[in-house]
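Chemist: As you go down the protein sequences, you meet chains P and Z in turn.
Taking my numbering, the leading residue of the first sequence gets 7, the next gets one more, and so forth.
Taking my numbering, the leading residue of the second sequence gets 7, the next gets one more, and so forth.
It is possible that some hints are incorrect.
Note that the list lumps identical chains together, so a pair holds whenever it fits in one copy or between two copies.
Said to hold, decoys possible - Heads up, simulated DSS-like pairs for lysine-lysine below, C-alpha to C-alpha not over 27 Å straight-line:
1) 129 x 33
2) 358 x 298
3) 28 x 116
4) 129 x 28
5) 28 x 88
6) 88 x 33
7) 72 x 120
Worth flagging that the hints you see were computed from the coordinates, not collected in a lab.
Number of protein chains: 2
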Amino acid sequence: MVSRVVFGRGSFNQLNEILSPKRLNTKAPFIFLVDDVFKGNAWLTSRIPLSYEDKLLYISAAEEPKTSQVDALVEEIILTHKERPSGIIGIGGGTLLDLAKAVSIMLTNKGESKDYQGWDLVKNPAIYHVGIPTISGTGAEVSRTTILTGPQRKLGINSDHTPFDQVILDPELTQGVPKDQWFYTGMDCYVHCIESLNGTYLNAFSQSYGEKALALCKEIFLEGSLDVQESADKLMMASWHGGMSIAYSQVGVAHAMSYGLSYLLGVKHGVGNCIVFEHLEEYYPEGVAMYKAMREKHNISIPQNICANLTDKEFDIMIDVSLSLEPLWENAIGKNWKNIITRQKLKELYQKM
Amino acid sequence: MVSRVVFGRGSFNQLNEILSPKRLNTKAPFIFLVDDVFKGNAWLTSRIPLSYEDKLLYISAAEEPKTSQVDALVEEIILTHKERPSGIIGIGGGTLLDLAKAVSIMLTNKGESKDYQGWDLVKNPAIYHVGIPTISGTGAEVSRTTILTGPQRKLGINSDHTPFDQVILDPELTQGVPKDQWFYTGMDCYVHCIESLNGTYLNAFSQSYGEKALALCKEIFLEGSLDVQESADKLMMASWHGGMSIAYSQVGVAHAMSYGLSYLLGVKHGVGNCIVFEHLEEYYPEGVAMYKAMREKHNISIPQNICANLTDKEFDIMIDVSLSLEPLWENAIGKNWKNIITRQKLKELYQKM
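Sequences and hints are given; from them, build the entire structure.
Modeler: So, in structure tokens, the structure goes:
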């Protein structure tokens with residue numbers, strides 16, 4: 007679990023105070039990985055405390071994070087600096103947070119990041135790493151995974167060394183998020199709850215977190231009685247609790263299928279979940295109905311027919327990626343999932359999207 | 007925050023697997039502090055893995071933990087073993103968990119434990135320490151405090167080094183708890199929620215945890231639709247979430263006053279909270295009404311007239327202890343609390359108990 011967390015509007019201002027005691031020496035830099043939407047946004051960037059050899063790297067979150075990207079960042083950091091960094095700080099959404107987690111792991115573990123995709127393959131503790139979300143929903147700030155698209159698959163580096171050592175939850179940082187992005191990423195949290203609460207892996211730990219995150223999602227996306235700040239504060243907590251819920255259970259059908267879309271088509275994770283979830287009434291009837299009510303209430307449009315022109319070979323690639331995520335299917339359907347989730351069934355579902 | 011947690015019935019069986027990688031060497035023992043109600047209970051004790059110089063110390067939880075007790079345990083451990091322990095493992099309720107936290111801190115910090123009562127006075131990281139609750143409600147398994155009765159006051163050692171490195175949440179371990187103890191300790195959790203949710207320090211982080219813990223308390227203590235196992239599982243999570251809620255806000259009137267009872271009369275914390283809460287309608291009208299409904303439903307009797315024969319000097323001692331807990335009063339009443347909570351007011355309240 008995350009060792010330390012601060013919460014509150016303006017808590018981002020504590021960044022220097024938090025980092026200073028963690029500086030190993032003046033040659034060991036802090037590396038800030040920052041979503042490039044903040045380039046030129048002095049309101050945020052002027053508060054990033056750069057000293058000595060510290061470096062700020064702007065990174066685009068237009069695409070899902072890749073193992074090759076992680077490896078290139080690690081190489082760049084090693085070649086540029088004489089000493090191992092004092093810490094890696096990710097500032098952004100799930101993409102930036104996952105990159106920060108993966109880079110901090112790969113600075114202390116040999117080989118390529120693709121070798122660590124899976125469960126509990128990381129041997130050495132990561133470099134000190136800090137997560138600062140600027141959009142809410144993915145749960146990347148709290149999870150024990152960092153989900154990367156590798157040469158063969160989209161899969162997380164799941165390990166005890168993955169979670170952040172420190173998280174700063176400052177809901178003020180989410181104020182500039184565009185509405186559709188707010189909805190897609192919020193729905194990532196909502197889908198986490200539905201998948202966790204309806205999964206066979208559920209236990210009282212995950213249930214309590216999932217129920218709270220779901221209740222918050224309803225307040226935020228359906229009931230509409232919150233003001234802007236309350237809504238942002240609560241969505242940051244929903245993301246946190248939703249992430250905790252799946253950390254101790256597992257996601258399900260929507261994630262298993264949206265990973266296929268991301269792998270083949272580069273569809274971003276939040277909108278990918280929405281595209282898939284539209285068609286999962288069979289598996290999550292109540293969850294999908296409530297999702298549709300939320301989508302209509304906020305008048306959000308979801309991309310249609312993105313699979314319309316795919317070849318059989320392309321469908322096969324998506325189906326392979328999806329079926330490889332065995333724990334997700336087992337959680338969603340049960341131990342006999344292979345009898346129910348056939349290649350044909352998945353193809354029919356993908357064809358609707 | 008707690009770095010690692012496992013949850014589930016039977017998860018206590020993972021203890022050896024969890025501890026083994028943490029053993030520094032064969033001379034650096036694991037010290038198990040175990041509630042002496044488990045003496046002779048082979049179902050539990052046979053699963054405590056003792057190797058090399060490891061030691062199991064049975065400790066009575068009949069009294070609240072004391073700074074002198076912590077100092078004596080630390081001295082005993084230092085004198086008995088050539089090397090610093092590999093870890094301290096607390097198995098029991100709040101008393102045992104708080105002792106384990108305090109001992110692990112005092113093994114690496116000079117002086118006496120009374121010197122560290124307060125906020126953020128601990129300088130050095132504690133010894134690796136593990137908490138395994140066997141009763142649910144106090145939140146000691148998740149909090150950043152260890153509440154000790156010292157020569158001058160009852161006050162916690164609140165620090166970033168206090169939380170456990172590892173917690174094992176195995177609801178099966180709570181199966182032998184007597185009914186009145188179950189209720190008193192459960193009400194500690196309930197009171198945490200009421201005090202946190204009605205406090206001026208409340209924020210969205212604490213609120214989300216407090217609301218979930220409160221919802222679980224209602225399910226467990228009022229609605230009565232759960233079976234024995236579900237109820238125990240959920241109470242363990244209520245304790246966890248309630249503890250998280252106050253970790254990021256503060257407790258209030260009931261705790262401030264029950265600390266006075268504990269200090270003077272040695273009243274145990276859980277029942278002390280109940281004794282006080284009976285008379286706090288003025289501060290928590292809805293919370294007290296629901297508490298009384300729970301107490302009646304479970305036919306629990308609360309000690310009466312424990313202050314009947316106290317002298318003025320004794321009332322003064324309780325009032326001094328209570329008024330010294332300034333953050334609790336400020337949270338409960340607001341910045342101008344000193345105008346409202348007079349010595350006379352507290353005396354009148356104590357006289358009812």
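Chemist: Next step is simple, just say for each hint if it's right about the structure.
Modeler: Quick rundown of the hints versus the structure:
Taking the closest pair of Cα atoms, residue 129 and residue 33 come within 27 Å of each other both inside a single copy (26 Å) and across two copies (26 Å). Proximity of residue 358 and residue 298 under a CA criterion of 27 Å is satisfied intra-copy only: 16 Å inside one chain copy versus 56 Å between copies. Taking CA atoms no more than 27 Å apart as the test, residue 28 paired with residue 116 passes in both settings, with 24 Å inside one copy and 23 Å between copies. For the homomeric pair residue 129 and residue 28, the shortest alpha-carbon distances inside one copy (22 Å) and between copies (15 Å) are both at most 27 Å.
In this assembly of identical chains, residue 28 and residue 88 lie within 27 Å of each other by CA distance solely inside one copy; the values are 18 Å within and 32 Å between copies. In the homo-oligomer, the alpha carbons of residue 88 and residue 33 lie at most 27 Å apart inside one protomer (7 Å), although the nearest pairing across protomers, at 38 Å, exceeds that limit. In this assembly of identical chains, residue 72 and residue 120 lie within 27 Å of each other by CA distance solely inside one copy; the values are 9 Å within and 52 Å between copies.
Violated hints: none; the structure is consistent with every hint.
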